Each structure stands twice: as C-alpha cells, then as structure tokens.
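There are 2 protein chains.
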Amino acid sequence: MDKKMLEEGSDVCINFEKRGGFVPAIVQDVKDGRVLMLAYVNQLAYETTLEKGMATFWSTSRNELWTKGETSGDFLKIVEILTDCDQDALIYKVEPQGGGACHTKSPETGKTRETCFYRKVDLESKDLKFV
Amino acid sequence: MDKKMLEEGSDVCINFEKRGGFVPAIVQDVKDGRVLMLAYVNQLAYETTLEKGMATFWSTSRNELWTKGETSGDFLKIVEILTDCDQDALIYKVEPQGGGACHTKSPETGKTRETCFYRKVDLESKDLKFV
Numbered sequence: 001m002d003k004k005m006l007e008e009g010s011d012v013c014i015n016f017e018k019r020g021g022f023v024p025a026i027v028q029d030v031k032d033g034r035v036l037m038l039a040y041v042n043q044l045a046y047e048t049t050l051e052k053g054m055a056t057f058w059s060t061s062r063n064e065l066w067t068k069g070e071t072s073g074d075f076l077k078i079v080e081i082l083t084d085c086d087q088d089a090l091i092y093k094v095e096p097q098g099g100g101a102c103h104t105k106s107p108e109t110g111k112t113r114e115t116c117f118y119r120k121v122d123l124e125s126k127d128l129k130f131v
Numbered sequence: 001m002d003k004k005m006l007e008e009g010s011d012v013c014i015n016f017e018k019r020g021g022f023v024p025a026i027v028q029d030v031k032d033g034r035v036l037m038l039a040y041v042n043q044l045a046y047e048t049t050l051e052k053g054m055a056t057f058w059s060t061s062r063n064e065l066w067t068k069g070e071t072s073g074d075f076l077k078i079v080e081i082l083t084d085c086d087q088d089a090l091i092y093k094v095e096p097q098g099g100g101a102c103h104t105k106s107p108e109t110g111k112t113r114e115t116c117f118y119r120k121v122d123l124e125s126k127d128l129k130f131v
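Protein chains in written order, with full-length UniProt numbering: chain A, 1 to 131; chain B, 1 to 131.
Pulled out of the complex, with its shape left as it was, chain A reads as follows:
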C-alpha cells in the first residue's frame, strides 16, 4: 500500500510485519483517558478483539492468544479502536469490567492495580515514585 493510502485512506492495513508480526496496543480508559497498559497485537489478536469486543493481545512471553480477563475476570470491553498515521500502533479505548488492568496488586489494599503505570520518574533524583 502506498504512503498516501496508508496515511489518508480508509482501508485498515495494520503493518504487523514491520516489527516481527506485532504492533503495540495502548489501552486507554474511555472514561478518563488514563493509559491502563500496553501490550502487543498480531493479526489474530486484532481479529479476535473485533469478534469478541474484548481487548485481546498476543502474549509474547507465553506465545499464545490472550484475551485479558479470561483468567482474572478483568475483561476490558472495547469501545473504540484507533490507528496511527502509518498504521503500526493501535489504541484500544476500553471500559474495564473488573478490578483493574494490571497483574500486580497494591501491597496496601491487596487489590489489583487499575493501571500498570503506577510509578513515575522523579525528574530530580531520577528514581521512581509511586503516583
């Protein structure tokens, strides 16, 4: 597909090949725009996401299709999918159906963290601080 079609066209032509079969999918809470997690999507995961209406990824560590929530119950319901200019990144805008999106739990509450991005870099000390 030429550059103009890729950037200005209406055909979905996600460039999975560019980085070994996967594109990163940014998962964003549709309610407040918070980024919940980032995971990887291949052709099958993309199609499964559309079919199920639930955020589905390819687990590059377990090497298998991964519909978030199938073991934990923390499904992420798809509201919107966006692609970027050169179609090598996606945004899944979701409504979380369970406790959170992260696999970690807060030591204080014992509950699943809502987002994987719970630490920021302190720009002075260069260390991480919990947000």
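It should be emphasised that the hints constitute simulated quantities derived from the structure, not laboratory data. Note that the structure is predicted; figures quoted are calculated from it, not measured. Hints are supplied without guarantee of correctness; some may be wrong.
Just so you know, same-sequence chains aren't split out, so a pair can sit in one copy or run between any two.
What the hints assert, rightly or not - Lysine to aspartate or glutamate pairs mimicking EDC-like chemistry, simulated, CA-CA at most 16 Å apart:
| hint | residue 1 | residue 2 |
| --- | --- | --- |
| 1 | K105 | E17 |
| 2 | K77 | D29 |
| 3 | K4 | E114 |
| 4 | K120 | D11 |
| 5 | K4 | E124 |
| 6 | K18 | D2 |
| 7 | K4 | D88 |
| 8 | K120 | E70 |
| 9 | K105 | D127 |
| 10 | K18 | D122 |
| 11 | K31 | E80 |
| 12 | K77 | E114 |
| 13 | K77 | D11 |
Chain B: place on chain A using the hints.
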C-alpha cells in the same frame, strides 16, 4: 533485578533488552490525556530526554537519535515520565510546543495534525473513519 524490585522498587531499570534495545514510549498530552504518538526509546534516547527535558526517541527507520521538533519546531516538552509494572513501556506526558505531534498534515487545513491517532476503526464496517 528480581521481579519484586522491578515491580515494586524505586530503581529505574527499564528493560531495553527485552525487545532488541527499545521500549515503546506513549506520548500523552498532559492537558487532556490525548495520546499524540507512539515511538521507540533506547537508553541514549531516555537519557537525552531527561537531559534536554524534550521528548527524544530513537528513530528505528533512520537509525538515529531523534528529538521531536528539531527539524519541525514541534518540540514536546516533558512534564512527567511514567513506567509500567515490568518496566518495558514508558509514558511521556508532554506539553506540545508547536503545531502538533504528527508528521502528516490535514488536507483540509494544511496544518500539522495534533495527534497521529486521527482515524478509528468503524466496528461495523471494519473500515477507518476520520475522527
């Protein structure tokens, strides 16, 4: 670094090695939470971002350090940097200093698009629609 330190610690230990030297950096407008772009960061790009206070990436196509805005003027000033649980993805929260974050221009206005994510998948037709 063990899993507990990685997930619960305060040491920055970004896992660049996991995917060939780079991690994806989600660029988010601090004003409204809109995702503007996604690009890749290696150790040098991360350090340069901290040093300059401007979003810097590694261009995997040109194979060079890339401080966004150096040619276009569209710098992305760093307000906050977040990392995820297993430290293999970053969020750069930024204040755009120029016209936008995308390299494309809107055919209607002739202006640089503010975000690279200007199309969404129509969940019925599976085609792209401009947002």
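Now the hints, each set against the structure:
1. K105 / E17: This pair counts as neither: shortest intra-copy Cα distance 35 Å, inter-copy 25 Å.
2. K77 / D29: Cα proximity of K77 and D29: one copy only (10 Å, versus 24 Å across).
3. K4 / E114: Neither, since 38 Å and 18 Å both go past 16 Å.
4. K120 / D11: So K120 and D11 pass the 16 Å test across copies only (11 Å; inside, 37 Å).
5. K4 / E124: neither (43 Å within a copy, 24 Å between copies)
6. K18 / D2: Only inside one copy: K18 and D2 sit 15 Å apart there, 32 Å across copies, limit 16 Å.
7. K4 / D88: Answer is within; shortest intra-copy Cα gap is 15 Å, inter-copy 32 Å.
8. K120 / E70: neither (29 Å within a copy, 26 Å between copies)
9. K105 / D127: neither (21 Å within a copy, 38 Å between copies)
10. K18 / D122: For K18 and D122, neither the intra-copy (33 Å) nor the inter-copy (24 Å) Cα distance is at most 16 Å.
11. K31 / E80: Within one copy only: 12 Å inside, 21 Å across.
12. K77 / E114: Close inside one copy (14 Å), not across copies (27 Å); limit 16 Å.
13. K77 / D11: neither (24 Å within a copy, 33 Å between copies)
Of the numbered hints stated above, those contradicted by the structure are hints 1, 3, 5, 8, 9, 10 and 13, listed in ascending order.
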